[in-house]
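Those protein sequences? They're chains A and B, same order as listed. The opening position of the first sequence corresponds to residue 1 in the numbering used here, with each subsequent residue numbered one higher. The opening position of the second sequence corresponds to residue 1001 in the numbering used here, with each subsequent residue numbered one higher.
Honestly, the hints are just simulated from the structure, not real lab data. Some hints could be false.
[Stated by the list, open to error] Output of the computed footprint for chain A on chain B, the stretches with three or more beta carbons under 8 Å from beta carbons of chain A:
| hint | region |
| --- | --- |
| 1 | 1242 to 1254 |
| 2 | 1338 to 1347 |
[Stated by the list, open to error] One-sided excerpt, in silico: chain B residues whose CB lies under 7 Å from chain A:
| hint | residue |
| --- | --- |
| 3 | GLY1238 |
| 4 | ALA1239 |
| 5 | ALA1257 |
| 6 | PRO1335 |
All figures in this text were calculated on a predicted structure; none of them were measured in a lab. Backbone N, C-alpha and C fix where the C-beta goes; we use that ideal spot for every residue, glycine too.
There are 2 protein chains.
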Amino acid sequence: MASSARGGPPLLRQINSAHVLAALRGTGPLSLSDLAARTGLSRPTIGQVVEQLRASGLLAYVEPGQDGLVRSGRPARLVRFRSEAAYVVGIDVGRHKIHVTVADLAGQVVARRPRPVSAANSSQDLLAALRLAAKEALAEARIARTDVASVAVGTPGLVDLPSGAVTLAPGLPGWKIELARELRRSFHCPVQVENDCNLGALAERRRGLARDAHTVVFIHWGMRVGAGVLIGDNLHRGAANAAGEIGFLSLDSGTTAAPDDLGRGPFERMVGAEAIIAAGRAAAGRHGGLLADLLAAAPDRLDAEAVFAAAAKGDTAGAEAVRTIAARFARGLAPVLLVLDPDLVIIGAGVSRAGSVLLAAIQDSVTPLTLVPPRLELSRLGDEAVTLGAVELALADAERRLLPAPVLPAEVQ
Amino acid sequence: MASSARGGPPLLRQINSAHVLAALRGTGPLSLSDLAARTGLSRPTIGQVVEQLRASGLLAYVEPGQDGLVRSGRPARLVRFRSEAAYVVGIDVGRHKIHVTVADLAGQVVARRPRPVSAANSSQDLLAALRLAAKEALAEARIARTDVASVAVGTPGLVDLPSGAVTLAPGLPGWKIELARELRRSFHCPVQVENDCNLGALAERRRGLARDAHTVVFIHWGMRVGAGVLIGDNLHRGAANAAGEIGFLSLDSGTTAAPDDLGRGPFERMVGAEAIIAAGRAAAGRHGGLLADLLAAAPDRLDAEAVFAAAAKGDTAGAEAVRTIAARFARGLAPVLLVLDPDLVIIGAGVSRAGSVLLAAIQDSVTPLTLVPPRLELSRLGDEAVTLGAVELALADAERRLLPAPVLPAEVQ
Chain A
1 MASSARGGPP
11 LLRQINSAHV
21 LAALRGTGPL
31 SLSDLAARTG
41 LSRPTIGQVV
51 EQLRASGLLA
61 YVEPGQDGLV
71 RSGRPARLVR
81 FRSEAAYVVG
91 IDVGRHKIHV
101 TVADLAGQVV
111 ARRPRPVSAA
121 NSSQDLLAAL
131 RLAAKEALAE
141 ARIARTDVAS
151 VAVGTPGLVD
161 LPSGAVTLAP
171 GLPGWKIELA
181 RELRRSFHCP
191 VQVENDCNLG
201 ALAERRRGLA
211 RDAHTVVFIH
221 WGMRVGAGVL
231 IGDNLHRGAA
241 NAAGEIGFLS
251 LDSGTTAAPD
261 DLGRGPFERM
271 VGAEAIIAAG
281 RAAAGRHGGL
291 LADLLAAAPD
301 RLDAEAVFAA
311 AAKGDTAGAE
321 AVRTIAARFA
331 RGLAPVLLVL
341 DPDLVIIGAG
351 VSRAGSVLLA
361 AIQDSVTPLT
371 LVPPRLELSR
381 LGDEAVTLGA
391 VELALADAER
401 RLLPAPVLPA
411 EVQ
Chain B
1001 MASSARGGPP
1011 LLRQINSAHV
1021 LAALRGTGPL
1031 SLSDLAARTG
1041 LSRPTIGQVV
1051 EQLRASGLLA
1061 YVEPGQDGLV
1071 RSGRPARLVR
1081 FRSEAAYVVG
1091 IDVGRHKIHV
1101 TVADLAGQVV
1111 ARRPRPVSAA
1121 NSSQDLLAAL
1131 RLAAKEALAE
1141 ARIARTDVAS
1151 VAVGTPGLVD
1161 LPSGAVTLAP
1171 GLPGWKIELA
1181 RELRRSFHCP
1191 VQVENDCNLG
1201 ALAERRRGLA
1211 RDAHTVVFIH
1221 WGMRVGAGVL
1231 IGDNLHRGAA
1241 NAAGEIGFLS
1251 LDSGTTAAPD
1261 DLGRGPFERM
1271 VGAEAIIAAG
1281 RAAAGRHGGL
1291 LADLLAAAPD
1301 RLDAEAVFAA
1311 AAKGDTAGAE
1321 AVRTIAARFA
1331 RGLAPVLLVL
1341 DPDLVIIGAG
1351 VSRAGSVLLA
1361 AIQDSVTPLT
1371 LVPPRLELSR
1381 LGDEAVTLGA
1391 VELALADAER
1401 RLLPAPVLPA
1411 EVQ
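One chain only, chain A, in its complex shape (with noise of 0.2 Å):
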């Protein structure tokens, strides 16, 4: 009722100018002529538009002949998104490992730096290492501090929204801190903190396999176990942002979620890169083969990978190890399943490098505990997910304040 959200000339331009920069960040640069033919605005108000987007900086016209194309006669002069008007900036917390992802305003990743954190033992120095190595990421892109319009971090545990602090994360030990507030010293622009395994989610809806279903579950399965939960377009936080947090599932009578010394939850213990390890170990020695060799060389080298390696090659112990795995973790979603009935589950992080003999194996397992078989893929994003998952959260955030957007007016009388 507002008289500020009628549709007078303010509210238009804003308008045209979101239809304007719609048809050119979907495609390349355009003429005038075509953007006015895209947009059904008449050929005036593009020019005036475009001035108007040129003067914000976000648009600037192609200089004749850098498009790319050949053309005869006089070249239409074009105009193009100026996706470097700003960048945003994607970071991954992890116990062992920080990954820093540069991109700009069109979502192009321009600079990504990981940097190994195992030293890290506290809160400040996770930090340090944390602004080290968006230094060195900013730097490798040659792009100034203050050319960052948004950052978004994704930590495991919980994180209270509003105010980005993380409040628990069992998985990463002394990591309870006002993560927000301790980066908005270094970035001059607005800092998010999201669960990482909800920036999977994301990652996996804008730029994996994700992009057409409604109710995806990401499951961040290494050395940890957590999902996130995207039902269309929005993330499942739950009240108390502890949705999805599956490594704590105690799924034997007896148990409880309580944490291990090592900050793990029960479902953790079962399934997690220790445990497949573990499982390995044990097959080995009561079959031999591949495992049992690669034991005996270099007893340190037996990961995970390793385990599912020896299973795609039909080696018998891998291949029991991958059963045992794949039927504890079908205990683990299938209640997930019964409880959301998603249209897709994609595994990531560490395991997703598995192959289809794990993926195979789990379907397999759960199909009997559930209702509805459900379909299961392995993320292809590797270790990507959660910095891309951040990029696109301090995406949306950047195009928000930056970009003029299609507002309608809240409320017609």
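Chain A is already provided as a structure; the job is to place chain B on it using the hints.
Just chain B now, kept in the frame of chain A:
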């Protein structure tokens, strides 16, 4: 972009009508001046809108003196929403009973008809009982079939939403039927079919304990166990409308989701009404007391309610049975909490009458199994939850079609 979407006079009239109706439905009768003040519309516009809505049967003038208020001077003419302009029917199909509720456009219940169906053993028997119960309810309310604007039915099992067919209902053997199509032969209006637990959640949102909660899990707990999940204003139905089927949780290693001969899932067998009775019997055998006395006097009278009542009176056997059942229930509830992190869990159906003794025992058992202690409540809607949810679903449909809605243009240019 279509010209029909623009804010021309027909759209404006529709929006104005919606404002007038909303003002009248939220309050009692109003004078035209009050309506003008509440909607911000001019007095002449109000006059036009009221005449249009009167012509379509949705508004009526209140005769002087009939509004229950005493005034001095010439009374202003008052106008009221005609909630009797149409009616909706909500139906709950259960194994032992069919409930039919008739309500007016204000959601006021005008007739209720429960009908036992213990003899029903085929889809056709159940359908015949359903038709009869609906007929009786309409007769009781003195409403013609042609005055019914919308019907909604709650059923156990999985529903194919577009067609309204029941595709899988292990809890109601033989119940696999094109239900919406069958009922459209009785009612000449839209018929929706929905999972009964989902309707319970909807009823709690509109008329029960969940008015202010964002993520709500309604757990139907009686002979059968299932959950309805409401996230914001949307039912979360899942990819195959199979979300919330927690009765089929197979918590113990080696069990599967397969139903038994009675169609019960493994979690239903662990905690359903019959399991509560069995736990009461077993505890009475060990400890004697109230339940043993009851069993000695009339073995058939030991039902779940008697077990809870004994526990509430401090009976040792009753208390032990409640602890046993609560501990089992907590094992199935914990995954729901870890996956969804709901604001509120409401226990409905028969067990909703258990009282605080059960609720406290569940809270004790489930807290160690989750990261965030949940908010648990017992439904106060009793047997009416599903029919009232069906009424709400039917009302939403009737409103969409009968009442003008303040439609905003889908796209403004």
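So, going through the hints one by one against the coordinates:
Using a Cβ-Cβ cut-off of 8 Å, 11 residues of the region 1242 to 1254 of chain B lie near chain A, which meets the minimum of three, so the contact claim holds. A stretch counts as covered by a chain when three or more of its residues have a beta carbon under 8 Å from one of that chain; for the region 1338 to 1347 of chain B and chain A the count is 6, and the coverage holds. Using the Cβ-Cβ criterion of 7 Å, the hint placing GLY1238 (chain B) at the interface with chain A is satisfied: the shortest such distance is roughly 2 Å. Because the beta carbon of ALA1239 (chain B) sits about 4 Å from the nearest beta carbon in chain A, less than 7 Å, this interface hint is met.
The beta carbon of ALA1257 (chain B) comes within 5 Å of a beta carbon in chain A, closer than 7 Å, and the hint placing it at the interface holds. About 3 Å separates the beta-carbon of PRO1335 (chain B) from the nearest beta-carbon of chain A, less than 7 Å, and the hint is met.
The structure shown violates none of the earlier numbered hints.
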